[in-house]
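A.B. asks: The lines below spell out each chain.
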Amino acid sequence: MNGLTMHWPILPVLLPLLAGIVLLMLRNRSLTLQRGVSVAATLALIPLAIALMQTAGDGTQLVYKLGNWDAPFGIVLVVDRLAAWMLMATALVALFALLHASQGIDTEGRYFHVLYQLQLFGLNGAFLTGDLFNLFVFFEILLLASYGLLLHGGGRLRVKAGLHFVVINLAGSTLFLFAVGTLYGVTGTLNMADLTVKLARTPPGNLALVETAGLLLFAVFALKAALLPFHLWLPAAYAHTSASVAALFAIMTKVGAYSILRVYSLMFGDAAGPVAQLLDAWLAPLALATLTLGMLGVVASTSLRQQTAYLVVASIGSLLLAFGLGTRDAIAAGLYYLPHSTFAAAALFLLADSISRARGEFADRFEPGFAMPGARVLGGLFFVLAVALAGLPPLSGFLGKFMLLKAALDSPLLPWVWGVVLVTGLVGMIALARSGSLLFYRTLGANDATPAPTAPTAPTWAALAPVAGLLLLLIGMVIWAGPLSGYASATAAQLLQPHLYIGAVLGTTP
Amino acid sequence: MEALIALIIGVLTACGVFLALRGQTFPVVLGLTFMSYAVNLFLFAMGRLAIGVPPVIADGARYTDPLPQALVLTAIVISFGMTAFVIVLALKARAELGNDHVDGTHYDEDGPR
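Chains A and B, in that order, are what the protein sequence lines are.
Per my numbering, the very first residue in the first sequence carries number 1; after that it's consecutive.
Per my numbering, the very first residue in the second sequence carries number 1; after that it's consecutive.
To be clear, the hints were calculated from the coordinates, so they are not data collected in a lab.
There may be inaccurate statements among the hints.
What the hints assert, rightly or not - From the structure, some residues in chain A lie toward chain B, with a derived Cβ separation under 7 angstroms:
(1) LEU163
(2) VAL167
(3) ILE168
(4) LEU170
We put the beta carbon where it would ideally sit given N, CA and C, even for glycine.
Given the sequences, and given the hints that come with them, work out the whole structure.
C.D. replies: Right under this line is the structure:
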């Protein structure tokens with residue numbers, strides 16, 4: 001590893017930041033140019049993520065020392081299998097959401113592309129950093145960009161949902177700082193690898209403090225991930241923002257899930273001595289409750305966007321359930337399920353936008369409307385996506401759920417996991433079938449026609465292309481399920497051996 | 001001094017939480033500001049309280065931990081920016097929703113309208 005290769009880990013952070021700055025300077029130039037720069041910068045993240053996945057794929061953990069300060073004194077970026085996997089998922093979903101946004105949503109307000117690139121900057125940074133305070137900073141970056149994106153275009157409901165989203169996340173940031181401060185006060189370090197070493201040697205007198213800080217951190221990550229009881233902000237925020245932003249936000253809850261997996265497999269994982277397995281009592285039960293409540297929300301939704309938002313909540317439930325079980329197979333199942341649920345939810349948000357345009361005044365509300373133009377294509381795409389989201393064969397949702405159920409076989413929670421996952425799967429299927437039949441079959445006759453205030457617009461192929469692209473990714477995840485689940489399994493194995501991470505970062509072999 | 005700092009942080013946090021749970025946007029913003037003050041003090045105190053010593057290591061001299069000061073600086077900048085943002089957002093919400101209740105609903109004697 002030398003020369004340029006050495007600097008690869010910083011590129012996924014640097015590229016969106018520079019693109020954001022360049023876009024800021026191009027703000028008065030033609031829209032085509034801005035779109036071109038933005039799409040090119042996002043597109044470039046994909047080969048980068050592939051290269052990093054290949055490098056990390058053989059178990060190497062690339063450590064990039066910023067300013068060449070050794071850990072734990074300097075800040076490090078760490079590329080391991082998990083980080084590369086998350087970068088890949090982010091780059092793919094960001095590209096398709098951006099392609100959708102470039103067809104008009106980016107003209108609703110100013111600086112869309114700048115904010116979009118800064119959001120990617122924050123996301124990639126959060127996945128790469130090996131420092132807890134730096135994680136906080138990247139969280140703030142991605143949140144500040146997300147506030148701008150969420151409110152992009154304005155409107156009454158959007159501002160209302162945005163206000164709640166901003167206030168709750170500011171409160172969450174304060175909690176994050178309290179937790180980080182406590183950990184620093186006890187251990188005197190913020191580097192995650194060094195923290196793990198220090199936490200393992202916590203004197204008994206400080207145990208309660210460390211546990212408090214650990215659970216506070218969990219509360220913060222649960223808030224970002226929309227885990228019960230912190231899920232209430234999500235449905236309104238996601239249902240009222242623009243479609244492309246909602247599609248990008250499908251990866252944002254996964255940042256919370258990623259942080260939970262990273263922090264609790266490392267700092268409070270097997271290597272942590274007295275504070276090991278801090279979350280065992282909390283994560284799986286809360287995830288089961290989130291899954292149940294999310295699916296109830298899916299049934300009770302009154303519009304397709306809202307239903308998709310609740311599907312995001314439910315998918316976080318499944319994902320964290322897998323992480324909560326904590327075995328190698330379960331984490332691997334969760335990691336396979338993560339990109340699937342992100343792509344599927346993003347695709348449904350984008351499709352809901354086209355459906356809502358095609359239905360004119362009825363938008364995406366679940367009430368009978370007139371037959372929509374292009375119903376066959378829209379309905380076909382909706383059907384395939386519903387199959388993926390409900391977890392039916394042959395799409396990747398089924399494989400993810402199957403891996404999860406199989407991993408739960410030797411868990412003490414077996415009856416709960418099987419019961420909740422299977423019943424919520426059935427409930428989700430019924431809810432999606434009902435939505436589909438309401439939107440596409442129960443149409444009003446032509447003689448009920450009244451002059452429509454919003455004329456229905458037929459979907460263009462360009463508008464549906466990002467949806468189709470995300471669908472192809474889902475199909476790709478089935479075709480290459482073998483290598484992908486192999487990679488996920490290797491990732492889980494790597495996470496369960498925290499001493500490898502510590503050794504790579506601190507340059508020691510314990 | 002430890003007790004005094006602890007008391008200040010506690011009172012600031014309590015005021016912040018109380019105000020953040022109010023129904024109007026202005027108290028909520030104030031509450032968030034109080035909470036960020038509290039957390040800044042808390043971070044600062046996490047480097048241990050020391051009076052009259054420099055945050056640099058010199059020969060044989062006592063020194064105080066410089067890292068929390070750097071952390072607080074970062075946290076202050078971020079919370080300052082966030083406060084500015086949330087104030088503008090609150091004003092926009094007041095303009096769009098017609099009142100300054102966090103739910104966008106106006107309450108008078110007859111209930112919500």
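A.B. asks: Let me make sure I understand: some of the numbered hints might not hold for this structure. Which ones are they, in numerical order?
C.D. replies: 3
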